Amino acid sequence: MKKSLAALAALAIIALAAFTLFGAPANPAPSFQLTNLHNQAVSNQNLQGKVTLINFWFPTCPGCVSEMPKLIKMAHDYQGKDFQILGIAEPTSNPADSLDGVKNYVAKQGIPFEVMFDGDKAVAKKFLKTELYPTSVLLNKKGEVLKTFVGEPDFAALYRVVDDEMAK
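Quick note: the sequence shown uses this note's numbering, first residue 56, plus one each step.
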């Protein structure tokens, strides 16, 4: 009995070490399709071959507004590389968060990445386990979820993860 418990404990330690070293297996991103602000379809097919950061936000969200310049910088820093940011704007009862409000905000800020409007929040419900914003989901080149950031991520660490994933 003691040998069985010792063997089981050793196996659990090995499994935990492997999980820590290699991480959890990546899960495919939920399927979705939205129209961007230029009336072009964007779906999971757009995720293949590029490391992707999907950012869920809305214009009157203080945290979203705070992180937006960093996302814009990141988009410029990785321009022409195997990385993309997709912004998915969520509606609220505030008129500034309507489709027209999102279009105005995107134009005013000069947001250089694809932005879609999730009018019924169906895509957010598929991706997120929370309604806290901003929330970003990092995907690998296969379109698999690597990490979810609730709130503004540590951008220095995010850059390192993106660089590592692009090198794979």
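Hints in this document: simulated from the structure, not taken from any laboratory. Note that this is a predicted model, so its numbers are computed, not measured. One or more of the hints may lead you astray.
Derived Cβ-Cβ restraints for the label pairs, each shown as a range [stated by the list, open to error]:
no.	residue 1	residue 2	range
1	P117	K158	19 to 25 angstroms
2	V120	D209	16 to 22 angstroms
3	N82	K128	18 to 24 angstroms
4	L154	Q100	30 to 36 angstroms
5	N99	D219	29 to 35 angstroms
6	N82	D137	34 to 40 angstroms
7	N94	K163	27 to 33 angstroms
Just so you know, even glycine gets a beta-carbon here, dropped at the ideal spot from N, CA and C.
Verification of the supplied hints:
no., hint, verdict
1, P117 / K158: 19 to 25 angstroms, "holds (20 angstroms)"
2, V120 / D209: 16 to 22 angstroms, "holds (18 angstroms)"
3, N82 / K128: 18 to 24 angstroms, "violated (29 angstroms)"
4, L154 / Q100: 30 to 36 angstroms, "violated (23 angstroms)"
5, N99 / D219: 29 to 35 angstroms, "violated (23 angstroms)"
6, N82 / D137: 34 to 40 angstroms, "violated (21 angstroms)"
7, N94 / K163: 27 to 33 angstroms, "violated (20 angstroms)"
This entry does not satisfy hints 3, 4, 5, 6, 7, going by the numbered hints stated previously.
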